[in-house]
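Q: Protein chains in written order, with my numbering: chain R, 2 to 178; chain V, 2 to 178; chain E, 364 to 706; chain L, 364 to 706; chain H, 126 to 375; chain A, 126 to 375; chain C, 100 to 167; chain U, 100 to 167.
Note that these hints are calculated values from the structure, not bench results. You may find that some hints are simply not true.
Claimed, not checked - Below 27 Å or equal to it, Euclidean Cα-Cα: the simulated DSS-like pairs (lysine-lysine) are:
hint : chain 1 : residue 1 : chain 2 : residue 2
1    : H       : Lys317    : L       : Lys559
2    : H       : Lys318    : L       : Lys557
3    : U       : Lys167    : U       : Lys123
4    : C       : Lys135    : R       : Lys126
5    : C       : Lys152    : C       : Lys129
6    : L       : Lys559    : V       : Lys84
7    : R       : Lys101    : R       : Lys81
8    : A       : Lys131    : A       : Lys307
9    : A       : Lys131    : E       : Lys561
10   : E       : Lys627    : R       : Lys58
11   : A       : Lys371    : H       : Lys275
12   : L       : Lys559    : H       : Lys131
13   : L       : Lys380    : A       : Lys275
14   : U       : Lys167    : A       : Lys275
15   : E       : Lys542    : E       : Lys592
16   : A       : Lys307    : U       : Lys102
17   : A       : Lys131    : A       : Lys318
18   : E       : Lys380    : H       : Lys275
19   : E       : Lys646    : E       : Lys656
20   : A       : Lys131    : E       : Lys557
21   : A       : Lys317    : E       : Lys557
22   : H       : Lys317    : C       : Lys167
23   : E       : Lys559    : A       : Lys275
24   : H       : Lys307    : C       : Lys147
25   : H       : Lys131    : C       : Lys152
26   : V       : Lys160    : A       : Lys275
27   : R       : Lys110    : R       : Lys160
28   : R       : Lys126    : R       : Lys149
As the list claims (entries may be wrong) - Beta-carbon label-pair distances, calculated as ranges:
hint : chain 1 : residue 1 : chain 2 : residue 2 : range
29   : H       : Pro362    : R       : Gly123    : 36 to 44 Å
30   : A       : Gly364    : H       : Met324    : 35 to 43 Å
31   : U       : Lys147    : A       : Asn310    : 37 to 45 Å
32   : V       : Lys169    : L       : Arg703    : 46 to 54 Å
33   : H       : Asp138    : C       : Met145    : 20 to 28 Å
34   : E       : Asp605    : H       : Asp138    : 52 to 60 Å
35   : E       : Asp700    : C       : Thr164    : 51 to 59 Å
Glycine included, C-beta positions come from ideal geometry on N, C-alpha and C.
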Amino acid sequence: MTREILIAGFGGQGILFGGKALAYLGMVNNLEVSWLPSYGPEMRGGTANCHVIISDKPIGSPIVVSPTDLIVMNLPSFEKFKKNVAKGGNIFADSSLIDKVWSRKGINKYDIPATQMASEMGNSKLANMILLGKMLSTMDSVFMETIKKALEMSIPPSKMHLLDINLKAIEAGFNYN
Amino acid sequence: MTREILIAGFGGQGILFGGKALAYLGMVNNLEVSWLPSYGPEMRGGTANCHVIISDKPIGSPIVVSPTDLIVMNLPSFEKFKKNVAKGGNIFADSSLIDKVWSRKGINKYDIPATQMASEMGNSKLANMILLGKMLSTMDSVFMETIKKALEMSIPPSKMHLLDINLKAIEAGFNYN
Amino acid sequence: MKGNEAIAEAAIRANCKHFFGYPITPQTEISAYMAKRMPRIGGVFLQAESEVAAINMVYGAAGAGVRVMTSSSSPGISLKAEGISYIAGADLPCVIVNIVRGGPGLGGIQPAQSDYFQAVKGAGHGDYKMIVLAPSSVQEVVDCTFDAFDLADKYRVPVMILGDGMLGQMMEPVVFPEKSPKCEQKDWATCGTKNKRKPNIINSLYIEPQDLERLIIARQQRYNAIAEKEVRFEKENIEDADIVLVAYGTTARIVKAAYEKARKNGIKAGIIRPITLWPFPEKIIAETAQRAKAIVCVEMSMGQMVEDVRLATGGACPVGFYGRAGGMVPEPEAIYDVIRRYV
Amino acid sequence: MKGNEAIAEAAIRANCKHFFGYPITPQTEISAYMAKRMPRIGGVFLQAESEVAAINMVYGAAGAGVRVMTSSSSPGISLKAEGISYIAGADLPCVIVNIVRGGPGLGGIQPAQSDYFQAVKGAGHGDYKMIVLAPSSVQEVVDCTFDAFDLADKYRVPVMILGDGMLGQMMEPVVFPEKSPKCEQKDWATCGTKNKRKPNIINSLYIEPQDLERLIIARQQRYNAIAEKEVRFEKENIEDADIVLVAYGTTARIVKAAYEKARKNGIKAGIIRPITLWPFPEKIIAETAQRAKAIVCVEMSMGQMVEDVRLATGGACPVGFYGRAGGMVPEPEAIYDVIRRYV
Amino acid sequence: MAVVFKRTEGLTDAPFHYCPGCTHGIVHRLIAEALEELDVLGDAIGVAPVGCAVFAYNYFNCDMQQAAHGRAPAVATGIKRARPQSIVFTYQGDGDLAAIGTGEIVHAAARRENITVIFINNATYGMTGGQLAPTSLVGQITQTSPYGRKVELQGYPIRVSEMLATLEGAAFIKRCSVDSIKNINDAKASIKKAFRYQMDEMGFSMVEILSTCPTNWGLSPVESMEWLRENMIPHYPLGVFKDIEKGGGV
Amino acid sequence: MAVVFKRTEGLTDAPFHYCPGCTHGIVHRLIAEALEELDVLGDAIGVAPVGCAVFAYNYFNCDMQQAAHGRAPAVATGIKRARPQSIVFTYQGDGDLAAIGTGEIVHAAARRENITVIFINNATYGMTGGQLAPTSLVGQITQTSPYGRKVELQGYPIRVSEMLATLEGAAFIKRCSVDSIKNINDAKASIKKAFRYQMDEMGFSMVEILSTCPTNWGLSPVESMEWLRENMIPHYPLGVFKDIEKGGGV
Amino acid sequence: MAKVIFDENSCKGCELCAHVCPKKIIAMAKDRLNSKGFHPAEVADMDKCIGCKFCATICPDVVITVEK
Amino acid sequence: MAKVIFDENSCKGCELCAHVCPKKIIAMAKDRLNSKGFHPAEVADMDKCIGCKFCATICPDVVITVEK
Ligand SMILES: Cc1ncc(C[n+]2csc(CCOP(=O)(O)OP(=O)(O)O)c2C)c(N)n1
Ligand SMILES: Cc1ncc(C[n+]2csc(CCOP(=O)(O)OP(=O)(O)O)c2C)c(N)n1
Ligand code: SF4
Ligand code: SF4
Ligand code: SF4
Ligand code: SF4
Ligand code: SF4
Ligand code: SF4
Ligand SMILES: [Mg+2]
Ligand SMILES: [Mg+2]
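Given only the sequences and the hints, what does the whole structure look like? Please build it.
A: Next up, the structure:
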């Protein structure tokens, strides 16, 4: 099993954190993982993205060129990366922010109004977790079972009080359809 | 004709100036010349030396390894360089400062009490000129005839009033035996 | 753990208790990590006022006999050039990390390998060398960091760990070896005579050329010993290979994908991955050049290591090159295409 | 005229009216000369607070479109590494003089050639090149200085004049050519828009790797053009030579004595003297390697240019090396002995 | 109805890349307005630093150079000596000017370099993610002082304006802030004055501007303005530290 | 008869390489005596600069490091942080400290680095043949100001002690001279005091010492002392500029 | 009578304008995001605007034009 | 009764000691050069020496030892 995941959106949407949670999820399940963020001034208000690979084989390049899974949270990133998604791959798009109709044979596109759902939950910053939850719904159930542990490892101590609400958002995404 | 001249002594004895005068002397006589001083902190109270080549052929290396003429103004320099003098070459030594007896077949050593003579002329800094004068006595007469012109080119304007006394010192050396 | 953090943690475990740095992307995590950990273990983390100051603090601390490290990225390393030359000239051990970004100038902040020459041929003036280690995974980052401190102390030379933005930012699981670091007795260090010995002097100035030359030649002999004993590389399937790929650092990981594809398609490919860039694994490359149809060097630069590859082959086989620049990362497909050109 | 003074006077005649420097032995005469002359001709001589400041002043002035020069010696050049990389990255023309002394570190102040790598492979970070000119007589110093400014403007690259303490301190008669310097129109320079055009920007930052790579590749093409058109060297009697000596700068003068002795003793010797160190005269060396029994490279270093010689020969003939270090100057006798070893 | 406030000609159309509420944008506008109002845009050459303002070359509608980290005053010196008729300014952060660029700023001032420096003091390294700056306050928590700036380890914050005011070559040195409408207006007047000193060839002029970095301070833009007022101004008093027209001194 | 003055144990036997009458030698002796009298020779680590005093490592009878030009305060910082129990000092000229090393000295002081700096101000670059220093006086003719230092071109000399005294991390800053027996004795007392501040971990201490360079000034040693008195002291007043024991200020 | 005009897509929702407006008539449009992904500033009751320019003076992104 | 002793070969003839000696008893020995090439300092009339140490205090080359 190898999932090559690209998460992309604006800086401030929790792109890197979402990736980190996925990386720890891999580790918790004794898989090989790599996590490679974009970095630097593009994080000042610009776009941000992050590459995560989870695999049961040693990982070569940490760069995700053709993602099996694209989690995408703004229009420019969607336009940029949609064409790269591997055959049979998934796109998890925040449809509150990306109102483009698009489909391609062999690619599953999931439209989730994540930002709107998150706002309704009281914190628009949870959109990333909602999308992540949806992605978990396409994976082996062991991942959903261990996501709490992964989150505990990825949330910094000072923000641990947000663990529950994050889990709730994941569940909301997991159950959305 | 090629004269490879090494002038060596203490900093402050006018070593470099003596070399400069010789270089200009070559130029005045339409010969190829090169002048290479030692430089840097060894000039702070330490020893100083300078390499001058005057030749009717293009000059290769400006470094004087085996001088045809060694003008030497202190004991350490004498000890260091005497063995390098080329066969048939000359040593012009300031015997006020170098009281070593030394001779070698095929090398002409001229002992001139230059510093003492210079002191008697009222300025011990003229010792270099006295030695230079002695060296001129071993060269074609055209050089002694043109030394004034060379000095005029090598003395900075602010010190031009010292031209005459320098010439006198050269003459004293030229005539010493 | 992130590559940058792994360097920091490994250094601390290798008994490096002194770190002097100056922030620069993409290696700020090293400083951030040190800033958190050092005060907890009685070590010193100091953010210098500049890279120039940082490398000179390293000089001072190394001269005082402690294990010490600094880290930066390309422009910052350029500023350290004089200091590195001084450290080499005074025979001091230290570890310098360069997490390379695109250049020249301010360039970009994406991963690059365009500081190879600077690292290997000498950014600074004068005849000197650094040992340069180029890990290609976060785990290897850890191993190289331990190695770096030991090599530095053993040979009294600066050692550079050369990574790139990708390696520094990447997170992979790591295991820290249970090693107790070798700590050499440093009789030459300046830490006060205690009125018990003659003063020690840390210095690189030799006003007599004879003295300076003697020293340089002695150092060269040490370099020769390093070149003989400390070459590190990894090879894969080069014994029967027609086309041998040479790449270091993260580029080697990408090359591997191309290599696998080639093997899958029946092309006899192999890989040599230099881990020490200086001393360069020239012997294995020279041997390989005798056997292989071609060697293809892949770099994130316009072609720097490829010169050393060519030197090593001595013309024995053609040497191809594929490079990307400015933060662009080679793609396996493109490398594969180059391989095919040489079959 | 002293070599250092010749550089200064030639620069002024080549219409360089701006000089920024910082004192260092053995090149202080350049500044001293500029300090005297510039105010007299309405030019600018400014002693900066450091080499780092000096090279950045050069960057500013070059960006503002004037001919500008700086000079230093080895440790000072190391400090300029970042600035040089910026100048290359911003495609600015300027002339940098390095009167090399022994290194590494503070080293010594006697002549050396141990900054060859630094000059030719790139002291600074990133993929860039400088044109490097290495004159071997005071007259050639003058010619190279004119050349340097023209090349810099033509290709928008930094040009380095690489001399050594001997060349800088040496006095030989010189003739200044009656040349009126070419002065290119610099539409790209920042000297105020006068509200008549879009702003000009001098910059080396490209945050998108695609953009940076495009720029680097375009620059590489310019480098290729330079490598094709601007190689300069001198050769002597290499057509029938068994042993060809390769040396640059003042070393080449000493080598000549050895060469003459060899010829006198019936050894067919020849000389190739690279004048441009980058672009390196690799073609002539490659051709020579096909014919000659051996090539012997002589340097005042532990062996730096010899790598480029080896690269150029591609293994076609053995390459010998003789080097002195730390300010020691090779003696013709010793070189002759090396020659004999290869006959 | 007439337009009483609109985007100045001194700025290009490029949108700023700064974080929401970052005061870099305010200061950019003030400089651009000053240049426009003094009618020197066509003569101006600006020098962008390394720091969050690195892209300043895209924003000012005049010739621009991008300088190496800390070296803007040296670059400006090169420009000014090459083009003495130009109006040359640098725009620098506290990491750029007060850390790595200490030598360059001190000597530009001492040398009486006839340039104008706009110095953005936000008590941290914004661009690289919020490290300790030479101007970070005692106790301030940053990425590289996670336990707060400690006097025994990192010493004291530098008051740059006060330090440079000791130099005879400095003609005008003032510290301003952009935390309120009043202070913003004063900052603009001060920037204009600094440029006027340059136009009159009176020597080195600098306006230090206390600024915010909401992102790295971990505060909202509005809270940041308050933090600036409550913490920075007490340590960095606003006012004129040197004015050779007034005989110098505070 | 008893010996009332003899060569201190703080110096090695090596003869100084300085020019006749150069005051570097006097200051060397004062430092060496101070270290001996404070009984810290065994703990001392000195840092030699690049400048005429580059060989200082041969003269002091304690552990020594030779630093790159201007970087002595950074090197000293590295040493002090590695060996906090040591007594660490730098010896620096005006080119070294006030030109290329401006950043390092300002930050060592700001950082409250617990080291002692001896700063030799001889208004020129001695070692390299007498160029303009940041401390050269207005009008002073040097190799690189052959027509005299001109305010419009090279600005004003920096008063380093006054400048550093604005930094909170500086504990003791004093300017002395060695032009007379009285001033020499005062210089020695000041050097001792500076070391004592370090021993008491009070922060950064510096003694600036007005010195001569007969060779490059083109004066005899005796004339040089007079020139110092008549030209340097008026511009560089002697005295204490910072003393945290006394509450700071002049 | 005064009017403020927002270049909505360049607004970053920093709320500084809202904070300094003496009339407190500026608020972030919670119902929509602009192309940058922010809730942009808007004026609810333009009639109350006095054209004091405070909002424009403090706006770091030069979003606001003021007419009066 | 006091006495000054010169380490003659390390003297550089700078004359500073002569200048500060309150008794003006120090002068450079014009008749000889030391191994460094300088006319070294010497005291003509040692009986006049008061052992004030001024000469030793100013001597840059630590040439002088004083007894008293
Ligand atoms: C030589 C060099 N060192 C370090 C850096 C990394 N760097 C980029 S911006 C910056 C600090 C910027 O801080 P400041 O000047 O305060 O500006 P701000 O971002 O706060 O506006 C640093 C250290 C660099 N680009 N070049
Ligand atoms: C990086 C570098 N730049 C320049 C020099 C050359 N240099 C040697 S000493 C010196 C100046 C010394 O002047 P100062 O510090 O005043 O000391 P002084 O000789 O006057 O005692 C310079 C510029 C150098 N060695 N290294
Ligand atoms: S990081 Fe700070 S200084 Fe930089 S743009 Fe963001 S808020 Fe402004
Ligand atoms: S050059 Fe000047 S400072 Fe240097 S030793 Fe001579 S007199 Fe002293
Ligand atoms: S102009 Fe004044 S009143 Fe009108 S919106 Fe802006 S701040 Fe409010
Ligand atoms: S100040 Fe400007 S950017 Fe901030 S919310 Fe108001 S309009 Fe938008
Ligand atoms: S001790 Fe005093 S009196 Fe005696 S020689 Fe020295 S200075 Fe003169
Ligand atoms: S002061 Fe010292 S060196 Fe100078 S003359 Fe007197 S004894 Fe000699
Ligand atoms: Mg800042
Ligand atoms: Mg000095």
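Q: The structure should be examined with respect to each hint, and the outcome stated for every one.
A: We went through each hint and held it up to the structure:
Distance check on the hinted pair: lysine 317(H) and lysine 559(L) sit about 23 Å apart at the alpha-carbon level, within 27 Å; holds. For the given pair, lysine 318(H) sits about 22 Å from lysine 557(L) by alpha-carbon distance, which is consistent with the 27 Å threshold. Distance restraint check for lysine 167(U) and lysine 123(U): the Cα-Cα separation of roughly 18 Å lies within the 27 Å cut-off, and the hinted pair is therefore satisfied. For the given pair, lysine 135(C) sits about 15 Å from lysine 126(R) by alpha-carbon distance, which is consistent with the 27 Å threshold.
Of the supplied pair hints, the one linking lysine 152(C) and lysine 129(C) holds, its CA atoms being roughly 23 Å apart against a limit of 27 Å. Of the pairs offered as hints, the one joining lysine 559(L) and lysine 84(V) is violated, with about 73 Å between alpha carbons and a cut-off of 27 Å exceeded. At most 27 Å may separate the alpha-carbon atoms for a hinted pair to count; lysine 101(R) and lysine 81(R) meet this at roughly 13 Å. Taken as a hint, the lysine 131(A) and lysine 307(A) pair is honoured in the structure, with Cα atoms around 19 Å apart against an allowance of 27 Å.
A threshold of 27 Å between alpha carbons decides the hint, and for lysine 131(A) with lysine 561(E) the separation of about 21 Å falls inside it, so the pair holds. As the CA atoms of lysine 627(E) and lysine 58(R) are separated by approximately 17 Å, the hinted pair is consistent with the 27 Å bound. Distance hint between lysine 371(A) and lysine 275(H) is fulfilled; the C-alpha atoms sit about 23 Å from each other, no more than 27 Å. Proximity of lysine 559(L) to lysine 131(H) is assessed by CA-CA distance (about 23 Å); at most 27 Å being required, the pair is judged to hold.
In summary, the hint linking lysine 380(L) to lysine 275(A) is supported, as the alpha carbons are separated by about 19 Å, within the 27 Å threshold. Proposed proximity of lysine 167(U) and lysine 275(A) is contradicted: the alpha carbons are some 52 Å apart, above 27 Å. Simply put, lysine 542(E) and lysine 592(E) have alpha-carbon atoms about 21 Å apart, close enough for the 27 Å limit, and the pair holds. With a C-alpha separation of about 22 Å, the suggested pairing of lysine 307(A) with lysine 102(U) holds against the 27 Å cut-off.
For a cut-off of 27 Å, the pair hint linking lysine 131(A) to lysine 318(A) stands: about 22 Å separates their Cα positions. Simply put, lysine 380(E) and lysine 275(H) have alpha-carbon atoms about 19 Å apart, close enough for the 27 Å limit, and the pair holds. At roughly 17 Å between alpha-carbon atoms, lysine 646(E) and lysine 656(E) fall within 27 Å of each other, so this suggested pair holds. With a CA separation close to 23 Å, the supplied pair lysine 131(A) and lysine 557(E) stays within the 27 Å bound.
Distance restraint check for lysine 317(A) and lysine 557(E): the Cα-Cα separation of roughly 20 Å lies within the 27 Å cut-off, and the hinted pair is therefore satisfied. Between lysine 317(H) and lysine 167(C) the CA atoms are separated by roughly 26 Å; this keeps the pair inside 27 Å, and the hint holds. Taking the CA atoms of lysine 559(E) and lysine 275(A), the gap is near 53 Å; set against the 27 Å cutoff, the hint is violated. Taking the CA atoms of lysine 307(H) and lysine 147(C), the gap is near 22 Å; set against the 27 Å cutoff, the hint holds.
With a C-alpha separation of about 10 Å, the suggested pair lysine 131(H) and lysine 152(C) falls inside the 27 Å cut-off, and the hint holds. For a cut-off of 27 Å, the pair hint linking lysine 160(V) to lysine 275(A) stands: about 26 Å separates their Cα positions. Simply put, lysine 110(R) and lysine 160(R) have alpha-carbon atoms about 32 Å apart, too far for the 27 Å limit, and the pair is violated. Of the pairs offered as hints, the one joining lysine 126(R) and lysine 149(R) holds, with about 18 Å between alpha carbons and a cut-off of 27 Å not exceeded.
The hint said 36 to 44 Å for the Cβ distance between proline 362(H) and glycine 123(R), and at roughly 42 Å that hint holds. Evaluation of the 35 to 43 Å hint for glycine 364(A) and methionine 324(H) yields a pass: the beta carbon distance comes to about 39 Å. A hinted range of 37 to 45 Å for the beta carbons of lysine 147(U) and asparagine 310(A) is inconsistent with their spacing of about 23 Å. The supplied range of 46 to 54 Å is met by lysine 169(V) and arginine 703(L), whose beta-carbon atoms lie about 52 Å from each other.
Distance hint for aspartate 138(H) and methionine 145(C): a CB-CB separation of about 26 Å, consistent with the stated range 20 to 28 Å. The given range of 52 to 60 Å is respected by aspartate 605(E) and aspartate 138(H), whose C-beta atoms sit roughly 56 Å from each other. As the Cβ distance of aspartate 700(E) to threonine 164(C) is approximately 54 Å, the hint placing it in 51 to 59 Å holds.
Hint compliance for this structure: hints 6, 14, 23, 27, 31 are not met, and every other hint is.
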